[in-house]
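Those protein sequence lines, which keep their order, are chains A and B. To convert, take the position in the first sequence, counting from 1, and add 272; that gives this note's numbering. To convert, take the position in the second sequence, counting from 1, and add 59; that gives this note's numbering.
Read the hints as simulated data drawn from the structure, not as lab findings. Just to be clear, a hint being listed does not mean it is correct.
What the hints assert, rightly or not - Dumping the calculated DSSO-like pairs for lysine-lysine here, alpha-carbon to alpha-carbon at most 27 Å: (1) 432/A <-> 229/B; (2) 215/B <-> 492/A; (3) 417/A <-> 434/A; (4) 175/B <-> 215/B; (5) 140/B <-> 254/B; (6) 492/A <-> 229/B; (7) 492/A <-> 210/B; (8) 218/B <-> 492/A.
On a predicted model such as this, the values are computed, not experimentally measured, just so you know.
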Amino acid sequence: MSVARRCGPPRALTGLFVWHLPKPAVRQMPCKFMHYCGLVNKRWITFQHLNFLKRMYVTQYNKDLSQQAKPKSDPVAPPFLEKKHLGQEKTVIREIRPVSPLHPPSSETLNRNEFKAVNSAAIVEDLATAVGAESKEEKQWKEMKLQLDDLPGILARLSKIKLTALVVSTASAGFAMAPVPFDLTCFLLTSIGTGLASCAANSINQFFEVPFDSNMNRTKNRPLVRGQISPLLAVSFAASCAVPGIALLTLGVNPITGALGAFNIFLYTCCYTPMKRMSIINTWVGAVVGAIPPIMGWTAATGSLDAGALLLGGILYSWQFPHFNALSWGLREDYSRGGYCMMSVTHPAMCRRVALRHCLALIGLSTMAPILDVTTWNFPLISLPINLYISYLGFRFYRDADRSSSRKLFFCSLWHLPMLLLLMLTCKKSLLEKEDKSELFS
Amino acid sequence: MAVAAAAAAVRAGLRVRRVCSGTCRCFSRAGVGAGLLAAERGCEPESRASNFCPPAHSCNDWIGPPDRQSNLRPIVFHIPKNESPLGRRLREFRQETQVWNQQFWASQNVSFRKGKEEFIYSRLKAKGLEMKDETGQKVTLSAEEMADFYKDFLSKNFKKHMCYNREWYKRNFTITFLMGQVAFERAWRMLGWKKTKVEN
Numbered sequence: 273m274s275v276a277r278r279c280g281p282p283r284a285l286t287g288l289f290v291w292h293l294p295k296p297a298v299r300q301m302p303c304k305f306m307h308y309c310g311l312v313n314k315r316w317i318t319f320q321h322l323n324f325l326k327r328m329y330v331t332q333y334n335k336d337l338s339q340q341a342k343p344k345s346d347p348v349a350p351p352f353l354e355k356k357h358l359g360q361e362k363t364v365i366r367e368i369r370p371v372s373p374l375h376p377p378s379s380e381t382l383n384r385n386e387f388k389a390v391n392s393a394a395i396v397e398d399l400a401t402a403v404g405a406e407s408k409e410e411k412q413w414k415e416m417k418l419q420l421d422d423l424p425g426i427l428a429r430l431s432k433i434k435l436t437a438l439v440v441s442t443a444s445a446g447f448a449m450a451p452v453p454f455d456l457t458c459f460l461l462t463s464i465g466t467g468l469a470s471c472a473a474n475s476i477n478q479f480f481e482v483p484f485d486s487n488m489n490r491t492k493n494r495p496l497v498r499g500q501i502s503p504l505l506a507v508s509f510a511a512s513c514a515v516p517g518i519a520l521l522t523l524g525v526n527p528i529t530g531a532l533g534a535f536n537i538f539l540y541t542c543c544y545t546p547m548k549r550m551s552i553i554n555t556w557v558g559a560v561v562g563a564i565p566p567i568m569g570w571t572a573a574t575g576s577l578d579a580g581a582l583l584l585g586g587i588l589y590s591w592q593f594p595h596f597n598a599l600s601w602g603l604r605e606d607y608s609r610g611g612y613c614m615m616s617v618t619h620p621a622m623c624r625r626v627a628l629r630h631c632l633a634l635i636g637l638s639t640m641a642p643i644l645d646v647t648t649w650n651f652p653l654i655s656l657p658i659n660l661y662i663s664y665l666g667f668r669f670y671r672d673a674d675r676s677s678s679r680k681l682f683f684c685s686l687w688h689l690p691m692l693l694l695l696m697l698t699c700k701k702s703l704l705e706k707e708d709k710s711e712l713f714s
Numbered sequence: 060m061a062v063a064a065a066a067a068a069v070r071a072g073l074r075v076r077r078v079c080s081g082t083c084r085c086f087s088r089a090g091v092g093a094g095l096l097a098a099e100r101g102c103e104p105e106s107r108a109s110n111f112c113p114p115a116h117s118c119n120d121w122i123g124p125p126d127r128q129s130n131l132r133p134i135v136f137h138i139p140k141n142e143s144p145l146g147r148r149l150r151e152f153r154q155e156t157q158v159w160n161q162q163f164w165a166s167q168n169v170s171f172r173k174g175k176e177e178f179i180y181s182r183l184k185a186k187g188l189e190m191k192d193e194t195g196q197k198v199t200l201s202a203e204e205m206a207d208f209y210k211d212f213l214s215k216n217f218k219k220h221m222c223y224n225r226e227w228y229k230r231n232f233t234i235t236f237l238m239g240q241v242a243f244e245r246a247w248r249m250l251g252w253k254k255t256k257v258e259n
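Isolated chain A, as found in the complex (with noise of 0.2 Å):
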């Protein structure tokens, strides 16, 4: 918008607009456009304008008339910030007319003095422009060199340390649930090596899915795709997480331990990964691979694949469901974008009834626990409660099919799954007990 006219305008000029400059571009402004407009403030700069198409976008240095944001000053803005940044000056960019060349006016009216400031007015503007507009480009543009204080955090978030931290949790419970006393420096040797495992595998994953995660709202501000590390390092750092790892789980738990590590890394990057865009058996894969960790756990602490290992694994193995599918429900276009091959997309009906069904089995194998001497029979008691309200949830998705129940059930599950394992330590079954029980059978 025009804004108090600051310059003696030639006749042709049509309108006024007050520019503010970040301080570099001020620098190479050329004197003599200076001295022409006979005005500058600091950091104002006013300029005359021919165009034949309305400019939208005015900064003012005291934000008085401001329309836009005022350009990212900070070159190393926090990721959560940039993020707003970048939304605002998309918004703007977009409302950017185009500067068209400025026509000279009439030559028998103007000396050739005029006419040659009118020129160099109009090029030094056009200057002015293309430096504000590129500078706030420019800002967005990256050197890709890795800095060694950011490399913690890259590698946090390459190696999902969140999700890492869950499955190891879920390991951890697996441990704690085996009918063996506690030992711990196995302990933390499963924990360590499980841990490994799964940053391995995050990684590698990232590595694969760089130019989908670009196009996905949830995973585009990942490091590959923001270019914060380079692939090589990914798959650098996935060996050499992988490899300490599986031979600690090997050589300083026990071999079948080891074996399910590596099996579930194998399974989760070279099966999981790649079906994902070939066909929706990849959510019965990806439940197999958050089944193995409390497996894991409990082979680690007993050295063997007992039942309850395969319980344990059985309750992780029904909980991804309704975790799964109600998370899915909500990313629906970005999946069918992205060539994703999911239920939620392909199958919504098949969604939804496999999340209520397994929300159901929940019970089912919380029932088992006590049979199969896991836990004491408190424990189906105790965990009806929540596994009746997750079952609830799961048939108000069935039903309803809309997004606030698939935020429900994803927001229970997210509780619901740490409550149960908590509960099933609570009602293990003492190796007291075991043993009273197996003298009087004896």
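Got chain A; can you put chain B on it based on the hints?
Relative to the frame of chain A, chain B by itself:
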């Protein structure tokens, strides 16, 4: 003529882009001045998609904001002075992969958007509603109503995605392998150079 071209660019909903002749490859979207600035730095951006020129002193690649159409971030690759044939092969392959990726996802996203709008239009028409409501806002359908479109779009593009996936995995592995080779070669050279320095 440039005005018409610029107006056409605006109509296409693209970023503001100065459509110039081949001589002004380094000009920015907004005008001549930026091109002069860029020319001062003595660079020539390779890709048509971005006109960003990294500062002359930088010896790293530069990554930009996500492209409006493909959502992929363009990279301007740095050409080192003593680039080996292997390094050159890697850079050119990465550049080619970038262009190929850009084409695929840009066309994919554009066809998705178009298909979505057509679907919304046909559904609203069937309901007897207008595209815009009283306040002038675009009417959107709920996710449940859009579900048919999502399913249809996914199945229509399935084969295309299969081909793309295969190609992408191949390229990704090749790039990473080449990166490993280049890193190894660089380390070997540095070791060899250090050895001769020590000997001298």
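Below or equal to 27 Å on CA atoms is what counts here, so check residue 218/B against residue 492/A.
holds (24 Å)
27 Å limit on alpha-carbon distance, applied to hinted pair residue 215/B and residue 492/A
holds (25 Å)
Distance restraint between residue 432/A and residue 229/B, which requires alpha-carbon spacing of 27 Å or less
holds (25 Å)
Proposed proximity, residue 215/B with residue 175/B (alpha carbon, max 27 Å)
holds (13 Å)
With the threshold set at 27 Å, check whether the alpha-carbon distance from residue 492/A to residue 210/B stays at or below it.
Measuring from Cα to Cα gives roughly 23 Å; hence the hint holds.
Is the Cα-Cα distance between residue 417/A and residue 434/A 27 Å or less?
holds (26 Å)
Sort out whether residue 254/B lies within 27 Å of residue 140/B, counting only the CA atoms.
Distance of about 22 Å is within 27 Å: holds.
Between residue 492/A and residue 229/B, does the CA-CA distance stay at or below 27 Å?
Distance of about 22 Å is within 27 Å: holds.
Hint compliance for this structure: every hint is met.
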